[in-house]
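Chains as they are written, first to last, in my numbering: chain A, 1 to 327; chain B, 1 to 511.
Treat the hints as calculated values from the structure; they're not laboratory data.
Using 27 Å as the maximum straight-line C-alpha spacing, the simulated DSS-like pairs for lysine-lysine come out as follows:
1) Lys-292/A / Lys-290/B
2) Lys-292/A / Lys-340/B
3) Lys-196/B / Lys-219/B
4) Lys-219/B / Lys-493/B
5) Lys-196/B / Lys-244/B
6) Lys-272/B / Lys-493/B
7) Lys-290/B / Lys-302/A
8) Lys-196/B / Lys-211/B
9) Lys-242/A / Lys-306/A
10) Lys-290/B / Lys-306/A
11) Lys-213/A / Lys-242/A
12) Lys-292/A / Lys-310/A
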Amino acid sequence: MTNEIDISILLAGVIAGAAPIVLASLGETVTEKAGLINLSLDGSILLSAMAAFAVALETGSLIAGFFSGAVIGATVAATVAFFSIYLRQSQVAVGFVLTLMTRDLAYFLGNSYSRVPGPQVSPLPIPLLKDIPFFGTVFFSHNLTVYTSLLLIAFCWWYIYRTRAGLELRAVGEHPEAAYSRGISPKKIQMLYAACGGCLVGLAGASFSLCTKPGWGRPQGAEGTGWIALAIVIFGGWHPVKAAAGAYLFSFLQVLGIYLQGIFPSVPAQVFQVAPFPLMIFTLLLMYLAQKESVRMWAENKVWMKAVLKFFSGTAPGALGRAYRQD
Amino acid sequence: MRILLQNIHKHYGAVKANNGISLTIEPGTIHGILGENGAGKSTLMKILAGYIRKTGGEIVIGDAPASYRRPAEASRLGIGMLYQEPLDFPSLSVLDNFMLGQKAPNPPFSKGEAGGISAAEGEIPLGPPLKKGEAEIRERLSDLSRKFNFTLNPDAPVRSLTVGERQQLEILRLLAMGIQVLILDEPTTGISGEQKERLFQALRKLAAEGKNILLVSHKIEDVALLCDNITVLRHGTVAGEMRKPFDTIYLLEMMFGFPPDTPSPSGAFPGKQLLVMEQVSASGGRTGLKNCNVVIRQREIVGLAGLSGSGQELFLRVAAGITPPSHGEIRLRDMKMNGKDYHAFQQQGVIFAPSSRMEEGLIAGLSIAEHFTLLERQKGFWLKRSASAEEAKRRIEKFRVMGNPETPVQSLSGGNQQRLILSFLPEEPALLLLEHPGRGLDAESAHWVWEHLQSYTERNTGIIFSSSELEEILMVADRVLVFFEGNIIKDLKTEETNIHELASAIAGRIS
Numbered sequence: 001m002t003n004e005i006d007i008s009i010l011l012a013g014v015i016a017g018a019a020p021i022v023l024a025s026l027g028e029t030v031t032e033k034a035g036l037i038n039l040s041l042d043g044s045i046l047l048s049a050m051a052a053f054a055v056a057l058e059t060g061s062l063i064a065g066f067f068s069g070a071v072i073g074a075t076v077a078a079t080v081a082f083f084s085i086y087l088r089q090s091q092v093a094v095g096f097v098l099t100l101m102t103r104d105l106a107y108f109l110g111n112s113y114s115r116v117p118g119p120q121v122s123p124l125p126i127p128l129l130k131d132i133p134f135f136g137t138v139f140f141s142h143n144l145t146v147y148t149s150l151l152l153i154a155f156c157w158w159y160i161y162r163t164r165a166g167l168e169l170r171a172v173g174e175h176p177e178a179a180y181s182r183g184i185s186p187k188k189i190q191m192l193y194a195a196c197g198g199c200l201v202g203l204a205g206a207s208f209s210l211c212t213k214p215g216w217g218r219p220q221g222a223e224g225t226g227w228i229a230l231a232i233v234i235f236g237g238w239h240p241v242k243a244a245a246g247a248y249l250f251s252f253l254q255v256l257g258i259y260l261q262g263i264f265p266s267v268p269a270q271v272f273q274v275a276p277f278p279l280m281i282f283t284l285l286l287m288y289l290a291q292k293e294s295v296r297m298w299a300e301n302k303v304w305m306k307a308v309l310k311f312f313s314g315t316a317p318g319a320l321g322r323a324y325r326q327d
Numbered sequence: 001m002r003i004l005l006q007n008i009h010k011h012y013g014a015v016k017a018n019n020g021i022s023l024t025i026e027p028g029t030i031h032g033i034l035g036e037n038g039a040g041k042s043t044l045m046k047i048l049a050g051y052i053r054k055t056g057g058e059i060v061i062g063d064a065p066a067s068y069r070r071p072a073e074a075s076r077l078g079i080g081m082l083y084q085e086p087l088d089f090p091s092l093s094v095l096d097n098f099m100l101g102q103k104a105p106n107p108p109f110s111k112g113e114a115g116g117i118s119a120a121e122g123e124i125p126l127g128p129p130l131k132k133g134e135a136e137i138r139e140r141l142s143d144l145s146r147k148f149n150f151t152l153n154p155d156a157p158v159r160s161l162t163v164g165e166r167q168q169l170e171i172l173r174l175l176a177m178g179i180q181v182l183i184l185d186e187p188t189t190g191i192s193g194e195q196k197e198r199l200f201q202a203l204r205k206l207a208a209e210g211k212n213i214l215l216v217s218h219k220i221e222d223v224a225l226l227c228d229n230i231t232v233l234r235h236g237t238v239a240g241e242m243r244k245p246f247d248t249i250y251l252l253e254m255m256f257g258f259p260p261d262t263p264s265p266s267g268a269f270p271g272k273q274l275l276v277m278e279q280v281s282a283s284g285g286r287t288g289l290k291n292c293n294v295v296i297r298q299r300e301i302v303g304l305a306g307l308s309g310s311g312q313e314l315f316l317r318v319a320a321g322i323t324p325p326s327h328g329e330i331r332l333r334d335m336k337m338n339g340k341d342y343h344a345f346q347q348q349g350v351i352f353a354p355s356s357r358m359e360e361g362l363i364a365g366l367s368i369a370e371h372f373t374l375l376e377r378q379k380g381f382w383l384k385r386s387a388s389a390e391e392a393k394r395r396i397e398k399f400r401v402m403g404n405p406e407t408p409v410q411s412l413s414g415g416n417q418q419r420l421i422l423s424f425l426p427e428e429p430a431l432l433l434l435e436h437p438g439r440g441l442d443a444e445s446a447h448w449v450w451e452h453l454q455s456y457t458e459r460n461t462g463i464i465f466s467s468s469e470l471e472e473i474l475m476v477a478d479r480v481l482v483f484f485e486g487n488i489i490k491d492l493k494t495e496e497t498n499i500h501e502l503a504s505a506i507a508g509r510i511s
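Bound conformation, chain A alone (with noise of 0.2 Å):
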C-alpha cells in the first residue's frame, strides 16, 4: 500500500469505526428526547464492553455478550432516571458518580480478562451489493454490528417523528406537565425511553470490545467516547440523524488524521489527534448563529444558506433535565 489514499477504504474506515459512537449517540439522544440526560454514559461504556467480553469469551456466544452488554447499560441508565424521576435527585450528580463507579467497576471486574484473546465479530460482506463500485466498499463491506447501526439511524428517526409513540416521547421531553394531562404518564415513559437509550449504549460498548477494538484491557479504548457521544447529541440538535452525522464526521477526522500523519511526518501527532475537538466548538458557533434573527433575515432569499442554517439549527427539548413533579 503507497501513500495514495483510496477514498472508498478510507469512507469504510471511518464508516466501520464511527459504529459504537453512532450507538452511543443515538441512545443518548433517545435519552434526552424524554427529557432526562445520562451523564454516566462514558463509564456505563466500558463496563458494557467489558461485561460482553467477559461473557463473549466464557459462553462462546456474541449474542449472549452483546445481549448482556445491553442489560448493563439499560440497567445504568434506569439507575440514573429511576433516582432522578422517582427520590427526585439531581440527573447530574447521580449520573457523574455513576460514571466514575462504572469506569472503576470494569476495570476491577475485567481485570481477569485482560490481554486475553476472545471471540470477535466477523466481517459478513452482503453478496452482490458488495460488488457495487466504490458504494459497495463503503457500506456493504462491513459486519454486522456496523448494519445495525446503519440501520438503527433510519429506525430511531422513523420511530422519533413518524410514530405515535414517538410523538409522546417527544411530548414528554417537551412538557412533562401537559403530557399528564392528555393521560400519559410522564414518569414512565421516561423510566422506559431512558432503558431504551440505556440499551443502545450498552451496545456501543459491546460493539467496542467484540468489535471496533476487540479484547479488553486497560485502557480498552473506548475511553473518552461516551464524553463525545453526550457532545455529539447536543451539536446533532437532538435529531438522531444530525447526531449520527456528528459522529461520522468525528470519525472522519479521526481516520483523516492518520492518513495525514502518514504524509506529514514531521508534524506532531498530537495536533491530528486534537484537530476534531476545535472543530466542534466551530460547529457550536453555527448552531448560535443559525437561532440569530438578523441572520435568519440575511439568509432569508438564499436557498442554499438556509438549507445549511435549518441543519445547524436545534432546541433542546423543553424540559431537558428538569426533573417532572406530579401535582
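Position chain B against the provided structure of chain A, taking the given hints into account.
Quick look at chain B alone, frame taken from chain A:
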C-alpha cells in the same frame, strides 16, 4: 350532564385553598366562577378536571358519584379543562398538539379504548405510523375549526401562535375528545377583543348544544356578559350565587365584601421631553417595530394598546435598551442612547418591569430578602443579611406583600409577585416601562397598583405601560399609542377618545 360538587376541601398544609365548597352545575348552561386572586377558583377547577386530588368532599356526575385521580380519567368522563398556563407543546406543530392524547383513528391492534387510556396505564401503544391516520385527523381539525370560525394552520409550530390561537386549539382538541364539560380558567387574559368575541360565540354555541361550560375569571364584565349563573368564591368558600340578570355592584360586594372604587387619570400637566424616538425600527417578535416617532414627557402616563405581538413588547424593550434599534435615533433627555446597553439606560433612570414575572423579573429559588440584597449591590464580600432582611420587611409591609423576608418568591401568588416587583422600583425613576402591570390582578390589587404608580408622576416620572385591557388604559393613562403590525397608527389623548375608536384602531381600522 348535571354536576354536583359537595363539600370540596383542598388543604396545602395549614392553608385551606378550598374549604367546603358546594355547587351545582346545570347542563346546557354557562356557569361563571368569580373571585379575586387566591379565592380558590383554579384549585377547585383543577380538582374537577382531575389534575389535583381533593382532600375531601364528593363529586357527583349525572346520578353517580365519581372518583377519579387523573386528568385522563376525568376526560373519559367527559370533563376537560383549558388551563391558565397553557398545557401544550410549543415546539410541536398544531396538528401534533391536536393529536396528542387523542385516540388513534382506526388503530389496527387495539380493542376499543386504546390510545390515551392505555397510555395512562403505562403501556405505550405504538399505533399505526402517524402518516396513516394523519389525513383523517387533519380533516377533523379543519371541520371543527370551520364550525367555530377559528383559523389555525395545522403545520405551524404552536410557539408561533398567539395566546388566543393556542386557546382555540386546546378547545378544539378537547371537543374532538368528546368533552361534555368544558372548564376555562381565565380564558380572556392576554387575548385580543376580537378573539374574545370569537371565543364567546363558540362558548354560546357549545352551551346551546347542551354542553356545560365553566368560566373561571376575576373579570366581572366578562363573566356577567356571558354566563347564565355565577358562583362567587372568597377565601376558599362560596360567598354567594346569582342567576341572570346580574347586579354588578352586588357581585363586587360578594367578591370583596365591599365595592372597590376605580382609579382615574392623574391629569398631571406634562413636563419636559424625556424620551424621544425618531424613525426607530427594530427587528424581533412577529412584526418588528417600524419607523416609530414618539415623544414622551415627564409626568405623562402613556398606555400602549394593540393586539398582542403588534410591536408594543418590542417598543418597551427598545425604550429600555434591551433590544437595540436597527435604524433611527433614540434620545433620553437630549442624550443620544443608540448603541448603549440596558445598564446605561438604568443609570439614566429607566426602569423596565416585564410581564413574565417569574422569567424576567424575579429569580425563582431566592427569597424576598435575597432579592433586596441583590438590588442593593452591597459593598464587600460578606452578605449583610440582617440589613436586607430589615429592608425587605419594611417594603413587604409598605407594598402589602403576603409573605415574610424568607419566603421564596416562586411561592407567592401572581398579585403578590407583581407588588414585590413594584417594591423593587427606586424612589425616583425617570421613566418607568411596565409590561401588562395589571395582568392577572383582581380589581382591588390593580387599583392599589395604579394608585401607587400614579404617585410616581408627582416626582416627574414618566410611565409607559402596555395593556390588553382598553378599559385599563382609558382609566389610568393620559395618552394612548395604538400599535398595528409594528407601526404606531394612532397617538391620542385618552380624554379625546373612547373605547370604540380604540377597538377599531387596534384591528387596523383608522377612521
